[in-house]
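Colleague: Below are the chains, spelled out letter by letter.
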Amino acid sequence: MEVLAILIPASLFLGLLGLVAFLWSLRKGQYDDPEGDSQRILDPRYEDKPKPVDEDQRG
Amino acid sequence: MSSMTIRPSACPACDAAPAAEALAGRAAAPNARILVSVPAVHCAGCISTIERDLAKMEGVNSARLNLTLKRLSVDAKAGIEASDVIARLDRLGYEAHELDAGTLSMTETERQGRELLMMVGVSGFAMMNIMLLSVAVWSGAEGATRDLFHLISGLIAVPTVAFAGRPFFRNAWKALRAGRMDMDGPISFAILLTLFISTYETLQSGEHAYFEAVVMLIFFLLVGRYLEFRARSVARSAAQELAALEVPRATRLAEGVESVVSVADLAVGDIVLVRPGGRMPVDGVVTAGQSELDRALLTGETLPVFAGTGTQVSAGEVNLTGPLQVRVTAAGKDSSLHRMADLVANAESAKMRYTTIAEKAAAAYAPTIPILSLGAFFVWFWISGGDLRLSLNIAVASLIITCPCALGLAVPAVVTASSGKLFRKGLLIKDGTALERLAEVDTVVFDKTGTLTMGTPEPTNLDDHSLDDLRVALGLADASSHPLAQALARALRDRDLRPARIDDLAEVPGYGVEGQWQGQRVRLGRADWVGAEAGAVTAAYLSVAGETRCFSFADQLRPGAETVVRGLQSQGKHVWLISGDVPGVVRDLAQRLRIDDWQASALPADKAAKIEELQAAGHKVLMVGDGLNDTAALSTAHVSISPASALDAARAASDMVLLSRDLSPVADAVRLSKTAMKRIRENLWQSGIYNIIFVPIALFGFATPLWAAFVMSISSITVTLNALRLK
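Sequence lines, in order, name chains X and U.
Just so we're aligned, residue 1 is where the first sequence starts under the numbering used here, counting upward by one.
Just so we're aligned, residue 1 is where the second sequence starts under the numbering used here, counting upward by one.
Treat the hints with caution; some may be incorrect.
What the hints assert, rightly or not - One side only, chain U facing chain X, incomplete, derived with CB under 8 Å:
1. Cys43
2. Ala44
3. Ile47
4. Thr49
5. Leu65
6. Arg114
7. Leu117
8. Met118
9. Val122
10. Met131
11. Leu132
As the list claims (entries may be wrong) - The calculated lysine to aspartate or glutamate pairs, modelled on EDC-like cross-linking and capped at a C-alpha distance of 20 Å, are:
12. X:Lys28 - U:Glu115
13. U:Lys425 - X:Asp33
14. U:Lys56 - X:Asp43
15. X:Lys28 - U:Glu110
16. U:Lys421 - X:Glu2
17. X:Lys28 - U:Asp75
18. U:Lys610 - U:Asp463
19. U:Lys421 - X:Asp43
20. U:Lys425 - X:Asp43
Claimed, not checked - Just some of the chain X residues that point at chain U, by a computed CB distance under 7 Å:
21. Ile6
22. Gly15
23. Ala21
Think of the hints as simulated: they come from the structure by calculation, not from any bench.
We put the CB at the ideal spot given by N, CA and C, even for glycine.
Bound-form chain X, shown alone:
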């Protein structure tokens, strides 16, 4: 039963971490436009790495 002394604080800490993460995402406005966000991943403008350069784009 000694293990409870570690497990309970651990579970409470993890729960708190989850809550903080949720509040953070809420404040950042991540729930303001769920539908738009799901569509925006299809938009090439938001790619985070440079695209390989095409022949006709060069120069």
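Add chain U to chain X, keeping to what the hints say.
Modeller: This is chain U only, laid out in the frame that chain X set:
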């Protein structure tokens, strides 16, 4: 279950007054935030097309499209107006309407929504953590371990309730002070009593603590609240803030000097100047100038009427071609516009407040909760011979089990699902009870101009004319702002025609346009002016070298008009067409759409009276209309819909706003509302049945915290799933 509805006043001037102040405030700001509603957006393509294009627009810092709310927010430098953005979107092929970003309520709503969502989050995480500990207790933890787990649960539950339970406590307190009993009273009572007893039991090393049930109850109820809130705020922010930017101002002429004054400052006998394109601010008599007036919004007439010296004009009419000087005969309270507003106010006050099914259920259910648990307490107190602790525990168990977890979700879940479906089709629900009222409708009354038709004329006989005539007509029509001339020019340009070269172009206000073409005088305008016989249909006449040609026009049908009438008739609804237009035109349209019952030349009061008569005969009427002349009818009807192109007074008076040009969502909405009501009833029964099964268990003292948690989650989940079944 308190639903708050804000009905703006029916008088457009009253709506516009704060808008005027907001307009002034916005002009001073260095950067403007423009909000427009773009109902047609639906995919990633729309997002990138619109955002990219606006980013290229001069003066725009950034633009972001919210697909969930179908709303575009533009951060722009001063000088950029919403109309510029709307024009740009129009070129991209998206219809847009301005939203008023200046109003405080927008940010207020956002703040409230976030706060509610935060409460949902906090109670959700607390529930999960407590549940972890509770599972250990349910699976057999005993003695000191159980007490420790209960204690930790309590330490999580008490602050959670203090934070997330506030909306319920606040409402309950408000209701209590007003001497009313609503659902939040028993809920708050249950939450507080259970929390108190559970804390006591924990300190006494008792067997049962209901911490998880309390937090779970709060969580599910908050989810229901949040859904309800969102459905309402989306509709409110978009429909009511479709800006009423028509500023009630007039240009007064005094001793030859023009001054812009507020309409409220005008007095009888003043002379006001109304420029082409302007709206009559007052009732009056024309003293100078000639023009034509568009009365469509007031009377539903499609044809512009001639106005010259001595013509009576009414507030709300639009001046089309030439400047007019008008002597005020009635301003403010006495004007015809204001009388119309009075008509609306009368209709509204005569209408009884609608009691929703949720309110009925709550009213029946709210007293049962405390009565049952009090009963359980006293009976067990008597049976056990004065065992206070046992009787209190049983009372709390029955209290928490009867608490209407699923009831709180039953209605909002369905309303959210159905209003989301309707919103995607382009229909906004402004009033929370509209969906329920729509489900009861058996008669549908349509207005003609601007509702079943687009209200814009289209030439019908272009093929009868020679190419030269068409090119001359185009050359002349281009020079005029008259709606018929503009419609003609648009139609001819669509045929890739180039205008003929016409010299000495001059518009003769009230009559038409004339000029010189290849040395001959050419005219486009009224029949008597060009020297032609006037026909029966709406037409413009062209004279070239003494010969006259007739261009006839017909009002274009709104897309989906046929579908909607057919759809409603196949659902067994009775369809009426009531218009202020002349009988011939109305009859033609009724025949074309196969509407058997129609009424023409109806004055605003006639429309309202007809609807009253239908409702007195036991029918529930849905009114669909857009004009000022419809406002009284819209507010008299059981439920009403107006297109987004309608005048703001009409939009304000109606319960739903149709954002798309297409009329067919109206038939879908009627069908969907029936299914939604069926689901709501099923949900209410479902949550009732759970209680019927489990309340006896609680009353006999067999209920444990495990039972309470089980009943709550099962009933909430089935109710939500049932709502999602909505097709």
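Colleague: Out of the numbered hints, which ones does the structure contradict?
Modeller: 4, 10, 16, 18, 19, 20, 21 and 23
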